[in-house]
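Asks: Each chain is listed here by its residues.
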Amino acid sequence: MYTWAVHFFLLLFLPPFFLGVIAKTKACFAGRKGPPLFQVYYDLYKLWSKGVVYSRSASYVLRMAAPIIFSVILLGGLLVPVVGASPIHFEGDFILLAYLFGVGRFFTILAAMDVGSSFEGMGAAREATFAALTELAFFLIVVSLVAMTHSTSLSGMLAWAKNHFLWAPAYLILAGAFFLILLTENSRMPIDDPTTHLELTMIHEVMILDYSGPDLGLILHGAAMKLFLFIALLTSLFWPPTETSFWLALGSSVLKMTGVAILIGVVESANARLRLIKIPQLLIANFVATAFALVIILMGKG
Amino acid sequence: MEWLLIGIIFSTFFILGSGRITSCIRAAAMQGALLSLLPMVVRGSLVDPHSLGLFVGTFLIKAILIPFMLFRSMREASIREEIEPTVSLHLSLLAGGLVVVIAFSGVFSRLPGANTPLIVPAALSMVLLGFLLLVSRKKAVTQVIGFLVLENGVFLFGMTLVKEFPITVEMGVLLDLLVGVFVMGIMIYHINRTFDHIDTTLLTSLKDS
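Same order as they appear, the protein sequences are chains A and B.
The opening residue of the first sequence carries number 0 in numbering that gives the first Met the number 0; numbering runs sequentially from there.
The opening residue of the second sequence carries number 0 in numbering that gives the first Met the number 0; numbering runs sequentially from there.
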């Protein structure tokens with residue numbers, strides 16, 4: 000019950016911090032001072048104390064979407080092992096996790112189409128296309144981990160890694176592929192620019208143009224939480240804490256996650272956004288790389 | 000050992016997926032460099048003169064001379080940067096993945112004499128990927144790169160058989176390859192002079208333009 004509460008607390012209050020870390024890293028690279036680390040918290044507070052405006056052409060779908068997206072991601076968060084085992088875990092829980100994120104994406108896309116703006120429809124189409132391509136690689140990664148660990152729950156995979164972690168080539172390929180999926184799923188830089196609001200190539204930002212006030216806050220918080228969950232999955236699956244004490248493990252995990260956030264910031268600063276037609280090719284290459292890793296693992300020589 | 004093999008296969012994927020000829024040639028050079036390290040690792044000795052000589056020879060030819068010649072023939076034939084494959088890059092990447100899965104499927108890993116279980120499937124997939132590059136590209140330069148990858152696969156096969164592979168034989172193979180690329184470089188230049196392009200699909204038409 001105790002770890003349960005800590006997990007819930009982390010899930011609700013930690014995510015915006017990592018957005019701040021990424022923004023700070025990018026500012027450092029650009030030679031600017033950048034917004035304060037806790038800027039996203041201020042933004043959320045500001046949004047929560049505002050009213051909501053709905054477009055006249057929007058139906059009840061748009062009104063429902065933000066709470067549904069947020070709660071679905073929160074529910075998924077309970078399955079992800081951040082420190083030690085997650086609050087809820089059972090055999091095959093990664094499928095539920097993938098489809099909870101899928102439900103979130105579905106409602107994002109549906110709400111974007113609901114407003115009837117062709118601009119948002121375009122973003123929805125792109126999101127659907129790229130999500131279809133990343134899902135393939137995501138499942139292959141999980142299948143590889145299942146083949147390595149002989150356990151089909153996320154917490155079980157983590158427990159395996161705690162005992163047998165090694166720098167096997169296949170393992171590193173999987174970690175790299177998962178990092179690319181993280182960037183795609185959270186619309187980070189080489190795939191999509193989360194800060195632009197002007198160009199026709201944006202993906203995630205274009206779908207949330209019609210939210211305002213607390214709804215936008217929920218969406219922003221949900222996106223931060225999704226990023227946090229992917230970072231947590233990356234660190235706890237590929238470099239799990241080895242400390243036995245809960246609080247020490249928590250501290251080292253948070254440090255590692257901050258490291259991943261800084262890495263994301265570095266990648267975003269060092270790369271320009273890809274041309275839209277190049278993105279499927281990158282994702283297919285990612286899929287082929289994971290297939291290769293799976294093949295090596297199945298040969299038993301990874 | 001595993002690291003080198005996986006790096007080699009990854010560079011082939013890179014060649015399959017990249018859309019620019021210069022980065023293809025760089026990846027091929029990288030692959031040659033990785034390949035030249037392999038004899039030393041297989042023999043497990045860094046200072047043995049035989050494997051050292053093999054390393055220097057392979058490195059000079061595969062990682063420096065051949066890429067240099069490819070760059071030169073690119074410059075002289077003034078080839079455009081982009082690759083125009085007959086099959087789209089997405090499809091050729093997927094086909095490459097399929098080919099690797101087939102090569103690794105375990106049927107072929109039972110050859111005798113392999114030092115590591117990964118080396119035979121890796122060599123096989125290199126040969127098949129090289130063949131895939133050879134048939135799915137239009138430009139003569141990219142076909143030469145496909146041929147190079149194929150030849151690297153054969154070199155890898157050789158690695159599985161050596162305990163004491165006579166150095167003259169290996170040098171013969173390398174020189175063979177060098178001469179092949181040399182001839183192809185000259186050919187590309189001449190094809191370009193005669194036909195104003197090096198697109199091999201257009202060479203079959205009999206029109207006098």
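Rather than coming from a laboratory, the hints here were simulated on the basis of the structure.
Don't be surprised by glycine CBs; every beta carbon is placed ideally from N, CA and C.
Keep in mind that a hint or two might mislead.
[Stated by the list, open to error] To be clear about the criterion: a stretch of chain B counts as covered by chain A if any three or more of its residues have a C-beta under 8 Å from a C-beta of chain A, and this derived list gives those stretches: (1) 0-6; (2) 35-42; (3) 84-94.
Asks: Which constraints among the numbered hints does this structure fail? Numbers only, ascending.
Replies: 2
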